[in-house]
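Line by line, the protein sequences give chains L and F. At position 238 of the first sequence the residue is numbered 238 (our numbering), and the sequence of numbers has no breaks. At position 226 of the second sequence the residue is numbered 226 (our numbering), and the sequence of numbers has no breaks.
No wet-lab data here; the hints were simulated from the structure. Cβ atoms here follow ideal geometry from the backbone N, Cα and C, with glycine treated the same way. Please note: incorrect hints may appear among the correct ones.
[Stated by the list, open to error] With the C-beta cut set under 8 Å, the calculated list includes, among others, these residues of chain F facing chain L: (1) M72; (2) T177; (3) V182; (4) L185; (5) L201; (6) A287.
[What the hints assert, rightly or not] Now the in silico label distances, taken between C-beta atoms and shown as ranges: (7) M116/L - V193/F: 29 to 37 Å; (8) A140/F - V77/L: 43 to 51 Å; (9) K247/F - F5/L: 47 to 55 Å.
[What the hints assert, rightly or not] Just a few of them, taken from the derived set where beta-carbon distance is under 8 Å, the chain L residues facing chain F: (10) G105; (11) I112; (12) E184; (13) Y190; (14) Y204; (15) T207; (16) Q223; (17) K358.
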Amino acid sequence: MAEVFNWQLNRMMAYPYEESRPVRQAAAVFDTNKCIGCQTCTMACKTCWTSGNGQEYMLWNNVETKPWGSYPLAWDVRELELLGPQNWDGDTYAGKTIYEAAAAGEKNIGWIPTDMDYAYPNRGEDEVNVSITTQRYHLKMPHDMWFFYLPRVCNHCTYAACLQGCPRQSIYKRQEDGIVLIDEERCRGYRVCYEACPYKKVFYNHTTRVSEKCVFCFPAVEQGIQPRCMRNCIGKIRSFGFLSRPEEVREDNPIDFLVHVRKVGKPLYPQFGTEPNVYYIPPIHVASDDFLTMMFGPGCLDAIDSYKKAMRGDDPKLLAVLLLAVSTDRIIHRYKLSGETIEAWDENGDKVVSMPLKVPTLERVPYDEDLEVYRYNIT
Amino acid sequence: MSPTVQPISRRSILKGAAATAGVAALAACAPDSFDGSGIHVQRVGRVPDDDPNHHTWGAAPATTVALGPQDMVLPQKLVPSVTEVRVRALHDGSRIGFLLEWDDADVNDLTVRNEDFRDACAVLLAPGEADAALRTMGAATIPATLLHWKADWQRDVDFGRKGLEDVYPNRSIDVYTPLWNVAPLDVEIGSYVDAGATEWLPGLHVENPMSAAEHTTPVEKAIAYGFSTTFTAPTQDTRGRGVRTDKGWKVAISKPLGGADEGEMAFQPGATSTCAFAVWSGAFHDAGSRKAPSITVHALNLAP
Numbered sequence: 001m002a003e004v005f006n007w008q009l010n011r012m013m014a015y016p017y018e019e020s021r022p023v024r025q026a027a028a029v030f031d032t033n034k035c036i037g038c039q040t041c042t043m044a045c046k047t048c049w050t051s052g053n054g055q056e057y058m059l060w061n062n063v064e065t066k067p068w069g070s071y072p073l074a075w076d077v078r079e080l081e082l083l084g085p086q087n088w089d090g091d092t093y094a095g096k097t098i099y100e101a102a103a104a105g106e107k108n109i110g111w112i113p114t115d116m117d118y119a120y121p122n123r124g125e126d127e128v129n130v131s132i133t134t135q136r137y138h139l140k141m142p143h144d145m146w147f148f149y150l151p152r153v154c155n156h157c158t159y160a161a162c163l164q165g166c167p168r169q170s171i172y173k174r175q176e177d178g179i180v181l182i183d184e185e186r187c188r189g190y191r192v193c194y195e196a197c198p199y200k201k202v203f204y205n206h207t208t209r210v211s212e213k214c215v216f217c218f219p220a221v222e223q224g225i226q227p228r229c230m231r232n233c234i235g236k237i238r239s240f241g242f243l244s245r246p247e248e249v250r251e252d253n254p255i256d257f258l259v260h261v262r263k264v265g266k267p268l269y270p271q272f273g274t275e276p277n278v279y280y281i282p283p284i285h286v287a288s289d290d291f292l293t294m295m296f297g298p299g300c301l302d303a304i305d306s307y308k309k310a311m312r313g314d315d316p317k318l319l320a321v322l323l324l325a326v327s328t329d330r331i332i333h334r335y336k337l338s339g340e341t342i343e344a345w346d347e348n349g350d351k352v353v354s355m356p357l358k359v360p361t362l363e364r365v366p367y368d369e370d371l372e373v374y375r376y377n378i379t
Numbered sequence: 001m002s003p004t005v006q007p008i009s010r011r012s013i014l015k016g017a018a019a020t021a022g023v024a025a026l027a028a029c030a031p032d033s034f035d036g037s038g039i040h041v042q043r044v045g046r047v048p049d050d051d052p053n054h055h056t057w058g059a060a061p062a063t064t065v066a067l068g069p070q071d072m073v074l075p076q077k078l079v080p081s082v083t084e085v086r087v088r089a090l091h092d093g094s095r096i097g098f099l100l101e102w103d104d105a106d107v108n109d110l111t112v113r114n115e116d117f118r119d120a121c122a123v124l125l126a127p128g129e130a131d132a133a134l135r136t137m138g139a140a141t142i143p144a145t146l147l148h149w150k151a152d153w154q155r156d157v158d159f160g161r162k163g164l165e166d167v168y169p170n171r172s173i174d175v176y177t178p179l180w181n182v183a184p185l186d187v188e189i190g191s192y193v194d195a196g197a198t199e200w201l202p203g204l205h206v207e208n209p210m211s212a213a214e215h216t217t218p219v220e221k222a223i224a225y226g227f228s229t230t231f232t233a234p235t236q237d238t239r240g241r242g243v244r245t246d247k248g249w250k251v252a253i254s255k256p257l258g259g260a261d262e263g264e265m266a267f268q269p270g271a272t273s274t275c276a277f278a279v280w281s282g283a284f285h286d287a288g289s290r291k292a293p294s295i296t297v298h299a300l301n302l303a304p
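Turn these sequences into a full structure, and let the hints steer you where they fit.
Dropping the structure here:
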C-alpha cells in the first residue's frame, strides 16, 4: 500500500497505487437545492448509453430521494455500516476509509448488490415524514418532514475503488482529464469493481458479461462539450468543468471557485476515501445537521451559510458562478463578473456566455388594446 | 444461491444414454491408482474430449489434486470453495486431454443476475519439471498456457446464447435500441450482429471473447506471463465438454500437442512438463483470483 494525500480527508491514507493526479480533473457541482427530481438527466443518459440488451437495469445517472431513496437499495447505508465509526476531528477524518477497513486478503470493504436491489429505482421517492402535529394530518411518519433529491453519476474518483480493485488492471484513469474508464477489451467480468465501488456506479452487463460504467461522455468532453446529463438538466443545477490540482486552484475557474474558493461544493460521503469528483451544494432545509455532515463532511454547514448568503444577494460572485450552470453546452474554463454582467469563455478563448446577473423584468399592461384582450401573463 | 433451472437438450439426452454405457465400461477397466509422481498422461487412440463419461478416460490413472487457498494475489480466497479435484490425462499423439471431476452441489451456469457467478475449472500448462515458480500464472519469461472451462459457455454451446429469458421469463422490455426488423422482445445479442449495430454493446463491439455472440467450445485457451496478464490466445483450438454428475462437475478438456500461438505450451510424447489446476465455485462468488488453486504444481509425464 502506498500513502497518498486525500485533501477531502485532510490527511494521508493508504491506497494501492502512488498518488498520480491527472493534469486536470473532469468534475461537476450539483446544486441539490435546485434539483426537482425530473429525471431528465437520467433519460438523457439512458437513451444515449444504456438502451442495449444487457443494460436493462443500468442507470449510469439516477436521481434518488434522500433520506429514503437509493439505487441500488440502501447502497449507502450498507456501505456505511461496513465502514464502522466515521468520526471527524475538525476537518480531519479520524475514521477508516474503505481501503483502511479492508479485511485480510481484500483490498477494500465491499458488497455485491443483487438483482432485487435494482428492482425499485424510485423506492422512497417523495416520502416525507413526521412532525406533522397539526390536526389536519393523520399520518405519523418516522422522521422530520424534509427530503431532497440527490442526482448521482460516477464520481470519477481520484482514488477510485473500482480501479484499484480490478485484479487485471482493466480500469484506468485518464491523465488528461481524470475520467475513469473500463477497458472493454480487457475486462473479464470478475465484478470486483462492482463490489468495490462504494457508490455502486459500476454495472455488470449480463449480455456482454463484462462491466460498464459512466464514461462522463468523454467523446463530447474531448470536444469541449459538456456530458449529456449536464447539458439536459432543465433545473440548471449542474456545473461541469475541470477541477485544478489543489495547489493550482484558479479563482476564475467556476469549478475551482465553487469547490476550493467558496467551498460550497462538497463531496458525497468523503469518508469512503475515494476523493470523489462530483460535488454537491448541500440542501439548506434539512433539519438534521448530523445527517448532512454524514453525507457531505464537516464543512457542509459552512457551505450552506455561504450559499444562503449568495441567495440573499450578499455574494454576487458566487451567485454569478451558480448562474453559469447549464448556461451553455460548452465547457467553461474561465469566467468574469463585470458589474452586473457575467461572461465566460471556453478552452479556445471563445466567449460562450454573456448574461446579466439579474434578468430584467418587463411588465406589460393587463389589457391589450390592439387585440382587445386581457393578458393573463404580464411579466 | 438457488440453483438455476437447467433445460434438457436433445444432445444431453443422447449423451446421457452414452454415459450410462461409458460409466459401466469405466468401472470395468479404470486403473485408478498410479504410483509415479505427478500426473501420468496415458497414450490412447483418441482423446474423447467431447464426452467426459467415455470409457477411454478410464485408461488413465486418477490423481487426486488437493486445492487450497489463493493467498498470493489480492483479492484472495483464503478459504477454498472446493478442496480437491480428481484428474486424469490422456494424449493420442496429436492432442492432450484432461478430465477434471470435483464436488459442487450447486449448478451455476448462468451469469445473468448481478449476483450470479459461474462454475469453472482450469488447467495450467508450462515448461519445466514441476517448476513451482510457475504456480504464479507463469512468469515474465516463461509463459503459462491456460485451458479454462466455463459453465456458462457450456450452457451457450448446449442450448444457445440466451440469458435474460431464462431467469425472467415474464420480463417486459420497453427501451431496447430499435433494431431493424426485430421486435423489442426478440432482441438478443445476435440481433446486434445481424443489424451491424454492435456498437450498442461495447464488449461485443471490441470483440472481447467474454462477450462473443456464440461459443463453439466451452473451453478458452489463454496465455499468461504472471499474475494479471492473462489474455485469450489468438488461436482457439481447444475442445471440451462439461457435464453434471450426482455430486458436481465432470469436465473434459483438450488442446493440440503442438502450440499454434506464441507462448503456447507445446508437448512432446515422453517428455515431462509442469501443470496445475484450479476450480471456481459460482455459489461462493468465485471469479478471477478468487479461486481454489492446486496447492502445488505437478509434473506432467507424457507417455511415449
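Hints violated by the structure (listed by number, smallest first): 1, 3, 4, 16, 17
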